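Peer 1: So you can see what is in the structure, the chains are spelled out below.
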Amino acid sequence: MNMELTFPEDAREGRVRSNRNLSGFERWASIVAGAGIAAYGVSRLNKNGWLYASIGGLLLRRGATAHCDVYEAFGVNTAGDAGDTRAKLRGPRGVNVLESVTINRSIDELYRFWRNLENLPQFMRHLESVEKVTDTISHWKAKGPAGSVVEWDAEIHNEVPPKLIGWRSLQGADVVSAGSVNFDNAGPGRGTRVTVHLQYSPPGGKVGAKIARLFGRDAETEIREDLRRFKQLIEAGEVPTTAGQPRG
Amino acid sequence: MKALCWYGTNDVRIARVPDPRILNPRDAIVKVTLTAICGSDLHLLDGFIPTMKRGDILGHEFMGEVVDVGPENTKLKVGDRVVVPFTIACGRCYFCERQLWSACDNSNPNAWMLEELYGFSGSGLFGYSHMMGGYAGGQAEYVRVPFADVGPYKIPDGVSDEQVLFLSDIFPTGYMAAENCGITPGDTIAVWGCGPVGQFCIASAWLLGAGRVIAIDREPERLRMAADRGKAEVIDLTSTNVYEALKDMTGGRGPDACIDAVGLEAHGNTIGDWYDKAKTATMMATDRLGALRQAIHCCRKGGTVSIPGVYGGLLDKMPMGAAFGKGLTMRMGQTHVHRYLPELMQRIQRGEIDPSYVITHRLRLEDAPNAYKTFRDKEDGCIKVVLRP
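Top to bottom, those sequences are chains Y and V.
Going by the numbering used here, the first sequence opens with residue 1, and the numbers climb by one from there.
Going by the numbering used here, the second sequence opens with residue 1, and the numbers climb by one from there.
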């Protein structure tokens, strides 16, 4: 029997490694420049000297940890593992959203509707289209920032009919993302609970995500409204609207 | 078409606007033949309801003739004469299936706004602010009715517009308030507020087997209507201590159930009423709750307080201790109009009640701006205004 344990040291090392977002060249450049600037600052021993010493110290730290806070804030990663979905979404990286809705329909009906991914743009407002490539691989087009279009391929990598669909973007995607949707029976006469878990590395990084939040379009709100439209479409057959009605 | 639009607090006008059109497959367009101003419209006029926008068309009590139907609407035909519930319901969600129509999950396009305020959103309403859906209302020549295969109720021959118009809101609202009292034969029901909803609370309490109905108001003509048409005993709160009077009238026990048909703009003379006026006037509170406080105070032990009057926000100095101490049941909420329509239509057809008796003013739609003010200021004996476009 395999009794493998996770040691605290391993966990810490894993976290440090997953934080790494600088290439080797940048690390050493940071260390060399930081050491130089810090030495210059310390040699001056006046008010400006302390400033140089501090900047040098920060650069040294950036080099030593191979982690840049500014890069992280803007979603930049030069460490060379940027294309890998798992690496990009591991740990604290990316945006993590969990939303749930209860729909007055059978678990099978909801599963079938969602499994046909081409249906998703009917209620996911940021999606322009999803095209089926093979049974598990699909091509996604979404509205990006400032009118741009972002595209990526995704695969369904986990499927338990009629309870679970899991998907993730493939190598080289504009938007690195992974998601799953769970369907649970909510009890007799109580419909089906639909839970969506979505992770993505947003264009513009976490700062981009925070700015988006200021304008009310953060990921949680988007997914919640998407699920609301899903429910309205499935239950009522239409999404309620007032767009186009008269006013004075 | 012509429509009554809201342009700000104390500013409603008749405006020329485009005709409504079908926007969703289950829609219908109704040519309005009769509409009314509701007491709750006065909360909009007075600026108590947030999320109104300039140009919003008001009105949620209306009836008329179907002139267009969407492709998925198989129930209605052009030419059908219908009365339309003010609550908009999809008919297919968990709540609609349980007859909780005003809690419909799917009819409010701006549900997120109410979720911020209330945790969860109820159904959309016609002409009643954007947090309630932002739907254009029926104080207009034409109105678009969403989910029209569920809401509009076909009017049988032999009943007039005036007899059935109030099935859209105030008659079911009064009826549900009385039903929420859980009346057992012989019960004494006290009703605060003798506006149109209060009048229908009185009438419905009788229909449901009350032994006594006591009506409380400050306007002589409303008390007169409650006594003459409603056959209620009346208390004028301007000259009488309501609590003492109710106690005396019920042998020291108190009414079995109390109905607050006043809501968030109560007018009264107690210290609490002046406190509320000061706080709402300075934007430190949203609702005035004099009637509700008194209803709770006067209710017998183990009794029921039923609240058809509209509240919108946070209540200050709410006598929760009295409610707890006496083990009261409190029931409230927007009316599940759809639930009551068939039954109440039959009561009208059988001649058990003719709701048109509350009408005091019959005007044209063009007269609506002045009518709002007459109604609010209770001038000219105004109790209920109906408007013919």
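Some hints here could point you the wrong way.
[Unchecked claim] Here are a few chain Y residues that sit away from chain V, every Cβ distance over 10 Å (derived from the structure):
1) 40
2) 102
3) 133
4) 145
5) 195
[To be verified] Here are the computed lysine to any residue pairs in the SDA-like style, where the Cα-Cα straight-line distance is at most 20 Å:
6) Y/132 to Y/181
7) V/53 to Y/242
8) V/53 to Y/181
9) V/247 to V/218
10) V/53 to Y/244
11) V/31 to Y/245
12) V/154 to V/81
13) V/53 to Y/243
14) V/75 to V/24
15) V/53 to Y/237
16) V/31 to Y/242
17) V/2 to V/229
18) V/31 to Y/132
19) V/154 to V/366
20) V/75 to Y/237
21) V/2 to Y/242
22) V/2 to Y/244
[To be verified] Short derived list, chain V residues pointing at chain Y, Cβ under 10 Å:
23) 7
24) 100
25) 104
26) 106
27) 317
28) 319
Everything labelled a hint here was simulated from the structure, so no lab data went into it.
Computed from a predicted model, the values in this text were never measured in an experiment.
Note that CB positions come from ideal geometry on N, CA and C, so glycine has one too.
Peer 1: Among the hints numbered above, which are violated by the structure, and what are their numbers in rising order?
Peer 2: 2, 8, 15, 17, 18, 19, 24, 27 and 28
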